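> This is what each chain is made of:
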Amino acid sequence: MTEPEDTPKTDQNAYWAANLKCVGILLSIWFIVSYGCGILLVEQLNQIKMGGFQLGFWFAQQGSIYVFVILIAVYVRVMNKLDHKYAPKKKG
Amino acid sequence: MDVQTWTYLLVGLTFALYIGIAIWARAATTGEFYVAGGGVPALANGMATAADWMSAASFISMAGLISFMGYDGSVYLMGWTGGYVLLALLLAPYLRKFGKFTVPDFVGDRYYSKTARLVALICAIFISFTYVCGQMRGVGVVFTRFLFSEIDGPMLFNWEPITWGVVIGMAIVFFYAVLGGMKGITYTQVAQYCVLIFAFMVPAIFISLMMTGNPIPQIGFGSEVTGEGVYLLDKLDGLSQELGFASYTDGSKGMIDVFFITMALMVGTAGLPHVIIRFYTVKKVSAARVSAFWALLFIAILYTTAPAVAVFARTNLLVSIPDKPYAEAPQWIKSWEDAGLVAWQDKNKDGKIQYFAGDAFSGKPAFDGEKRGENDERLLTNTPTDNKNELYVDRDIIVLANPEIANLPNWVVALVAAGGLAAALSTAAGLLLVISTSVAHDLVKKTFAPGISDKKELFIARCAAGVAVVVAGYFGINPPGFVAQVVAFAFGLAASSFFPVIILGIFSKRMNREGAISGMVIGILFTASYIIYFKYPDLVEAVGLTAKENTKENWWFGISPEGIGTLGMIFNFTVAFVISSFTKAPPKDVVEMVESIRMPEAEGEELTVSDH
Numbered sequence: 001m002t003e004p005e006d007t008p009k010t011d012q013n014a015y016w017a018a019n020l021k022c023v024g025i026l027l028s029i030w031f032i033v034s035y036g037c038g039i040l041l042v043e044q045l046n047q048i049k050m051g052g053f054q055l056g057f058w059f060a061q062q063g064s065i066y067v068f069v070i071l072i073a074v075y076v077r078v079m080n081k082l083d084h085k086y087a088p089k090k091k092g
Numbered sequence: 001m002d003v004q005t006w007t008y009l010l011v012g013l014t015f016a017l018y019i020g021i022a023i024w025a026r027a028a029t030t031g032e033f034y035v036a037g038g039g040v041p042a043l044a045n046g047m048a049t050a051a052d053w054m055s056a057a058s059f060i061s062m063a064g065l066i067s068f069m070g071y072d073g074s075v076y077l078m079g080w081t082g083g084y085v086l087l088a089l090l091l092a093p094y095l096r097k098f099g100k101f102t103v104p105d106f107v108g109d110r111y112y113s114k115t116a117r118l119v120a121l122i123c124a125i126f127i128s129f130t131y132v133c134g135q136m137r138g139v140g141v142v143f144t145r146f147l148f149s150e151i152d153g154p155m156l157f158n159w160e161p162i163t164w165g166v167v168i169g170m171a172i173v174f175f176y177a178v179l180g181g182m183k184g185i186t187y188t189q190v191a192q193y194c195v196l197i198f199a200f201m202v203p204a205i206f207i208s209l210m211m212t213g214n215p216i217p218q219i220g221f222g223s224e225v226t227g228e229g230v231y232l233l234d235k236l237d238g239l240s241q242e243l244g245f246a247s248y249t250d251g252s253k254g255m256i257d258v259f260f261i262t263m264a265l266m267v268g269t270a271g272l273p274h275v276i277i278r279f280y281t282v283k284k285v286s287a288a289r290v291s292a293f294w295a296l297l298f299i300a301i302l303y304t305t306a307p308a309v310a311v312f313a314r315t316n317l318l319v320s321i322p323d324k325p326y327a328e329a330p331q332w333i334k335s336w337e338d339a340g341l342v343a344w345q346d347k348n349k350d351g352k353i354q355y356f357a358g359d360a361f362s363g364k365p366a367f368d369g370e371k372r373g374e375n376d377e378r379l380l381t382n383t384p385t386d387n388k389n390e391l392y393v394d395r396d397i398i399v400l401a402n403p404e405i406a407n408l409p410n411w412v413v414a415l416v417a418a419g420g421l422a423a424a425l426s427t428a429a430g431l432l433l434v435i436s437t438s439v440a441h442d443l444v445k446k447t448f449a450p451g452i453s454d455k456k457e458l459f460i461a462r463c464a465a466g467v468a469v470v471v472a473g474y475f476g477i478n479p480p481g482f483v484a485q486v487v488a489f490a491f492g493l494a495a496s497s498f499f500p501v502i503i504l505g506i507f508s509k510r511m512n513r514e515g516a517i518s519g520m521v522i523g524i525l526f527t528a529s530y531i532i533y534f535k536y537p538d539l540v541e542a543v544g545l546t547a548k549e550n551t552k553e554n555w556w557f558g559i560s561p562e563g564i565g566t567l568g569m570i571f572n573f574t575v576a577f578v579i580s581s582f583t584k585a586p587p588k589d590v591v592e593m594v595e596s597i598r599m600p601e602a603e604g605e606e607l608t609v610s611d612h
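So the sequences go chain by chain: A and B. If you read the first sequence in this note's numbering, its first letter stands for residue 1, the second for the next number, and so on. If you read the second sequence in this note's numbering, its first letter stands for residue 1, the second for the next number, and so on.
Treat the hints loosely; a few may be bogus.
Label-pair restraints from in silico Cβ distances [as the list claims (entries may be wrong)]:
{"hint": "1", "chain 1": "A", "residue 1": "47", "chain 2": "B", "residue 2": "521", "range": "44 to 50 Å"}
{"hint": "2", "chain 1": "A", "residue 1": "84", "chain 2": "B", "residue 2": "364", "range": "54 to 60 Å"}
{"hint": "3", "chain 1": "A", "residue 1": "17", "chain 2": "B", "residue 2": "407", "range": "55 to 61 Å"}
{"hint": "4", "chain 1": "B", "residue 1": "20", "chain 2": "A", "residue 2": "84", "range": "36 to 42 Å"}
{"hint": "5", "chain 1": "B", "residue 1": "552", "chain 2": "A", "residue 2": "73", "range": "37 to 43 Å"}
{"hint": "6", "chain 1": "A", "residue 1": "49", "chain 2": "B", "residue 2": "388", "range": "50 to 56 Å"}
{"hint": "7", "chain 1": "A", "residue 1": "28", "chain 2": "B", "residue 2": "581", "range": "34 to 40 Å"}
If you want a taste of the chain A side facing chain B, the calculated C-beta under 8 Å gives, among others [claimed, not checked]:
{"hint": "8", "residue": "23"}
{"hint": "9", "residue": "26"}
{"hint": "10", "residue": "36"}
{"hint": "11", "residue": "37"}
{"hint": "12", "residue": "39"}
{"hint": "13", "residue": "41"}
{"hint": "14", "residue": "48"}
{"hint": "15", "residue": "52"}
{"hint": "16", "residue": "54"}
{"hint": "17", "residue": "57"}
{"hint": "18", "residue": "60"}
{"hint": "19", "residue": "68"}
{"hint": "20", "residue": "73"}
{"hint": "21", "residue": "83"}
{"hint": "22", "residue": "86"}
Quick look at which bits of chain B chain A covers, simulated, 3 or more residues with Cβ under 8 Å [to be verified]:
{"hint": "23", "region": "70–80"}
{"hint": "24", "region": "180–192"}
{"hint": "25", "region": "568–575"}
To be clear, the hints were calculated from the coordinates, so they are not data collected in a lab. Computed from a predicted structure; not experimentally measured. Ideal Cβ positions, reconstructed from N, Cα and C, are used throughout, including at glycine.
Extracted from the complex, chain A is given alone in its bound form (with noise of 0.2 Å):
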């Protein structure tokens, strides 16, 4: 499977380097609602009540869930961007 020559490298590189941008961006939110709101503040985000949960506990077991759906959701969105921006066109 050899890519296209008509791809050129300079091309190539801003591609990848979009890529890695929105990859590192979605991946520090996944990080700061599961990791972060979810266990390390647990504590601290427990004194805020939502009706009636509380409200680091509400991230551990539903906060967390909902927003990696929408990061997928987004990732999808902005990576089909950037595949038209940068694509080869179709030959022929």
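Given the coordinates of chain A, work out where chain B should sit on it, guided by the hints.
Chain B only, in chain A's frame:
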């Protein structure tokens, strides 16, 4: 109609559906057998992936575990869904672009080494077998309790009910996995997802309405209890503390341990071969990404409901059981006692069920045959402990018993049984496929007999699936005592071996064969030694070392064996970097391969799954 009739009806209907789909979608080529010809639509693949991912453990055991662990149960919720994010962002699109059949394929090609391929192959087979045995066991439990519970006296061939349960489950999986391969499995998994999610949601919605007046369980468990003006979670915290349990929303594990276990579960699940292989079944890289989104959405429906179910069940249990005379106890206590998963030992001889924190007796219940005590309870041969607790409840029964605990109609109880079977069978089938692919493709074709024809390879794949079903069934009926420990092993191994190797293979062009192999070896050795040290004291003593008890005080930095895979992963990364920086860079064609999997695919291009 009674529960038994409903169960036969619903289970029979769903099984007929699975078989029908298998016949319709049978595989004709190795491409169809391994990856459904690479032509599954993203939405269908998302559903199939969700069913594949959610095993008997997710459906039957998880809510029960959380129900007894409270906040500590969050490790499973975050671990198993968060791992999915890693999979979707860091692995799936690239492995799809790579376009081969299996993970060992990738490892072997990327690290230009048969040794690396073989190590990955052994890990894949070990992890898959561990899992599949657990699924078969789940099938057996459902059959014993729901389908064969009324049968008195010996059954055909004098087999135990659980044996029959496992054998029937094996026959069904055998039929559609061996016949249909990945294509058959994918479309049955779509049906199984629908069955299992419906079966999980219906009782949850009923119970949420009954307890809080809110039909959405995710909101219900943060609402007030109907007619009491107290928040449900506050009520549960209060009840728990009265009986000497930890407050439900607090938990009792150390923070560092929770952190490490969650991480090990995340990276461990991201490396599970039967889920990764699902991304080879779609047409394009962009479709792999979209189907990852659908899959997590479908998974999240169950995973956000499970903690609500846990809270409802726990509250019902704590409200209805303590201090209740055994004679007046609800029917579900007695039926599950007959199935051997609930036990009561009347320590103070008052005929009432005392339920407090602590074990009622040491170990699993050992029933004294069919002997009954004064109150008609099953007698135990266990030595009672000296605390006040008299009740043993197996965590696995919570989801299955939940509709009965909440007095829901019989058809709901039966539906849950059908859902449990769907969850177990779908995961078992996915795992069996990994085993058969690994044997036929990676072992036979790539290692021993490169020249064999497609037809012959397909035949070998089918035989391998057949043998795997039988072996898994055997372990389902006669579970080795170490099953629970082996699960920690599977996650630890996946976390400390697969995950770093694949990540480095994609994100580092400099990573070479020497670095990857030494990293894997160190990661596995460290993780395995730590787990063996704490989980198998006999083995430790046998080689002349002194074993230490598996407690917080003895663990490194307070990390339990369940979480140690995370440290193994860190060692793997470190060693790989150090070794690779001293050794020769990978050859040019490998670097080119890495560059090509990083690039966007040409617009309109459809990738093929190639086997060159």
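> With 8 Å as the cut and Cβ atoms as the points, is residue 57 of chain A at the interface with chain B?
Hint on residue 57 of chain A: holds, closest Cβ of chain B at ~5 Å, below 8 Å.
> Checking hints one by one. Is residue 60 of chain A an interface residue toward chain B, by the C-beta closer than 8 Å rule?
4 Å, holds
> Does the Cβ-Cβ separation between residue 552 of chain B and residue 73 of chain A fall within 37 to 43 Å?
40 Å, holds
> Cut-off 8 Å, C-beta pairs, minimum 3 residues; does the coverage of the region 70–80 of chain B by chain A stand?
holds (count 5)
> Identify whether the interface hint at residue 52 of chain A stands, where standing means a beta carbon of chain B within less than 8 Å of its own.
Check passed: Cβ of residue 52 of chain A comes within 3 Å of chain B, closer than 8 Å.
> Evaluate the given range 50 to 56 Å for the C-beta pair formed by residue 49 of chain A and residue 388 of chain B.
Given a distance of about 33 Å, which is not inside 50 to 56 Å, the answer is violated.
> Holds or violated: is there a CB of chain B closer than 8 Å to the CB of residue 36 of chain A?
11 Å, violated
> According to a criterion of three or more residues whose C-beta lies within less than 8 Å of a C-beta of chain A, is the region 568–575 of chain B covered?
n = 0 at 8 Å, threshold three: violated.
> In terms of beta carbon proximity below 8 Å, does the region 180–192 of chain B have 3 or more residues touching chain A?
violated (count 0)
> Does the Cβ pair residue 47 of chain A, residue 521 of chain B satisfy 44 to 50 Å?
Since residue 47 of chain A and residue 521 of chain B have Cβ atoms about 46 Å apart, the given range 44 to 50 Å holds.
> Mind checking the CB of residue 48 of chain A against every CB in chain B and telling me if the closest is under 8 Å?
13 Å, violated
> Should the interface hint for residue 83 of chain A be scored as holding, given a Cβ-Cβ cut-off of 8 Å against chain B?
At about 4 Å, which falls below the 8 Å cut-off, the nearest Cβ of chain B leaves the hint on residue 83 of chain A intact, so it holds.
In this structure, the hints that do not hold are numbers 6, 7, 10, 11, 13, 14, 24 and 25, in rising order.
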